Amino acid sequence: MIKVQKQDFDVGAEIDALRAGNTAIGGIASFVGTVRDLAGDTPVTGMTLEHYPGMTERELDRIEQEANRRWPLEASLIIHRYGRLELGDRIVLVVTASAHRQAALESCAFLIDWLKTKAPFWKKEETRGGETWVDARDSDDAAAARWRKD
Amino acid sequence: MIKVQKQDFDVGAEIDALRAGNTAIGGIASFVGTVRDLAGDTPVTGMTLEHYPGMTERELDRIEQEANRRWPLEASLIIHRYGRLELGDRIVLVVTASAHRQAALESCAFLIDWLKTKAPFWKKEETRGGETWVDARDSDDAAAARWRKD
Amino acid sequence: MRLLYFAWLKTKMGRAEEEVDPPAEVTDVASLLEWLRGRGPVYAEALSDLSVVRVAVNQEYARLDAPVNKDDEVALFPPVTGG
Amino acid sequence: MRLLYFAWLKTKMGRAEEEVDPPAEVTDVASLLEWLRGRGPVYAEALSDLSVVRVAVNQEYARLDAPVNKDDEVALFPPVTGG
Chain A
1 MIKVQKQDFD
11 VGAEIDALRA
21 GNTAIGGIAS
31 FVGTVRDLAG
41 DTPVTGMTLE
51 HYPGMTEREL
61 DRIEQEANRR
71 WPLEASLIIH
81 RYGRLELGDR
91 IVLVVTASAH
101 RQAALESCAF
111 LIDWLKTKAP
121 FWKKEETRGG
131 ETWVDARDSD
141 DAAAARWRKD
Chain B
1 MIKVQKQDFD
11 VGAEIDALRA
21 GNTAIGGIAS
31 FVGTVRDLAG
41 DTPVTGMTLE
51 HYPGMTEREL
61 DRIEQEANRR
71 WPLEASLIIH
81 RYGRLELGDR
91 IVLVVTASAH
101 RQAALESCAF
111 LIDWLKTKAP
121 FWKKEETRGG
131 ETWVDARDSD
141 DAAAARWRKD
Chain C
1 MRLLYFAWLK
11 TKMGRAEEEV
21 DPPAEVTDVA
31 SLLEWLRGRG
41 PVYAEALSDL
51 SVVRVAVNQE
61 YARLDAPVNK
71 DDEVALFPPV
81 TGG
Chain D
1 MRLLYFAWLK
11 TKMGRAEEEV
21 DPPAEVTDVA
31 SLLEWLRGRG
41 PVYAEALSDL
51 SVVRVAVNQE
61 YARLDAPVNK
71 DDEVALFPPV
81 TGG
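Chains as they are written, first to last, in this note's numbering: chain A, 1 to 150; chain B, 1 to 150; chain C, 1 to 83; chain D, 1 to 83.
Since the hints were derived computationally from the structure, they do not count as laboratory data. It should be emphasised that the depicted structure is a prediction, and the values quoted were computed from it without experimental measurement. Backbone N, C-alpha and C fix where the C-beta goes; we use that ideal spot for every residue, glycine too. Just to be clear, a hint being listed does not mean it is correct.
[To be verified] Computed beta-carbon distance windows for the label pairs:
#1 D/R39 / B/T42: 32 to 38 Å
#2 D/K12 / B/G21: 49 to 55 Å
#3 A/R70 / B/D135: 26 to 32 Å
#4 B/D141 / A/A17: 33 to 39 Å
#5 B/P53 / A/D41: 44 to 50 Å
#6 A/L38 / C/P23: 57 to 63 Å
#7 B/K3 / D/D21: 35 to 41 Å
#8 C/P23 / A/H100: 54 to 60 Å
#9 A/T132 / B/G46: 54 to 60 Å
#10 B/G21 / A/D41: 17 to 23 Å
[As the list claims (entries may be wrong)] Stretches of chain A that chain C covers, calculated by requiring three or more beta carbons in the stretch to come under 8 Å of a beta carbon on chain C:
#11 1-7
#12 47-57
#13 118-125
The shape of chain A in the complex, shown without the other chains (with noise of 0.2 Å):
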């Protein structure tokens, strides 16, 4: 399942719902990203999420989906913020729960890496010198191109 939203989301709850009833599950395994008050050496103070609303939810759902081929998944989830966010808030949650753990453990850490590079999302951060868009990383795309297949 996919989220796109301005609200914030409840952990438990989430990972809750997702498991409710299924006893096939043994694991299940999330992610929390949350904004920090450093970029770099820069003092963060808060930050805007632009997305580009559809595309967000096609590209979201599409790694989805390659997660779900890639390992035997009982149950996934990814919900991506937008809009303004203060220091600490959540930004996303993706979860993934398996009969088995590595499965689970792998399959969460291939949707916050691909997500990463893929999902349009952009990040303006507040420092004391103004509103900066933020930089795509390389250790972003080292990280996702560990997941690729040729």
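With chain A fixed as given, assemble chains B, C and D onto it according to the hints.
For chains B, C and D alone, kept in the frame of chain A given last:
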């Protein structure tokens, strides 16, 4: 932090408590293990977790310290239950928080893999044929071996 | 053809979207970008380094040789930074 | 010396713990296990395959050559299966 307890835990509340007010955190990875309905091909209806009080806490402490030596973590948590558990019940929770997502994701996988081969817990599964102590799995040893440093 | 701009491309262009009517020579992403750069200094500057511009045609990532036509929605944006 | 048994070792031994007073020749884990196996068929059978027996001395994993003495807490258990 480590907790060895009989009672259930609230994943969302535990994550919130762990990261409370720490805006150096950019990513939180978690893993929840649950009681599943199959052991191989055998239907399971419940289980009992035995542990070695005292040694359990020492081993979990040691495992958590090792994760903190290997990755730059802002916070970490291991909760492991013991006693009788029903299908679908939560067994274990691992949470790791770091400035960067790779450190959080890797250390979370490390902790659950390592714990499975080190922490003195034993599962007794309830099946139609009666109660049976679960055998250790080679795949768990292999998963833990990935993290071995010589 | 509907053009959409995001992130700093939107800021540089001074708009989030516009309707354009490219000439017949514009048949693919490459020729569209070339035509846009010829529309004035703002376009030329915003699109000066194509290594930091991504293109989606009808909400799908598109390469330079992907075809475009007048009914398409074409989005121009920098490499994504979500997650 | 206090011995603790867990999981199927507890079941086979028919008890969770016992106090023992090994002779002077018992100086390490290996000689302790050997002495225990000589105590009767139940011990001999439970400890017949040492590849599935783990030992902790004073709550730390111990190898066969680890020393033991009369004040120690020695636990015998199968490979762990938590998580």
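Results for each hint:
For D/R39 and B/T42, the hinted distance range of 32 to 38 Å is satisfied, since their beta carbons lie about 35 Å from each other. Range check, D/K12 to B/G21: Cβ separation about 51 Å, and the 49 to 55 Å hint holds. The hint said 26 to 32 Å for the Cβ distance between A/R70 and B/D135, and at roughly 29 Å that hint holds. At about 35 Å, the beta-carbon gap between B/D141 and A/A17 stays in the expected band of 33 to 39 Å.
Our hint of 44 to 50 Å for B/P53 and A/D41 holds, since their Cβ atoms are close to 46 Å apart. Take A/L38 and C/P23: their Cβ atoms lie about 48 Å apart, and the range 57 to 63 Å is violated. A beta carbon spacing of about 37 Å between B/K3 and D/D21 agrees with the range 35 to 41 Å that was offered as a hint. C/P23 and A/H100 have their C-beta atoms about 57 Å apart, which keeps the hinted 54 to 60 Å range intact.
Against the hinted window of 54 to 60 Å, the Cβ-Cβ separation of A/T132 and B/G46 comes to about 55 Å, which satisfies the hint. Distance hint check: the CB atoms of B/G21 and A/D41 are about 22 Å apart, consistent with the given range 17 to 23 Å. Counting residues of the region 1-7 of chain A whose CB falls under 8 Å from any CB of chain C gives 0; the rule of at least 3 is not met. With a cut-off of 8 Å between beta carbons, the region 47-57 of chain A has 6 residues touching chain C; three or more are needed, and the interface restraint holds.
With 7 residues having a Cβ less than 8 Å from any Cβ of chain C, the region 118-125 of chain A passes the three-residue criterion, so the hint holds.
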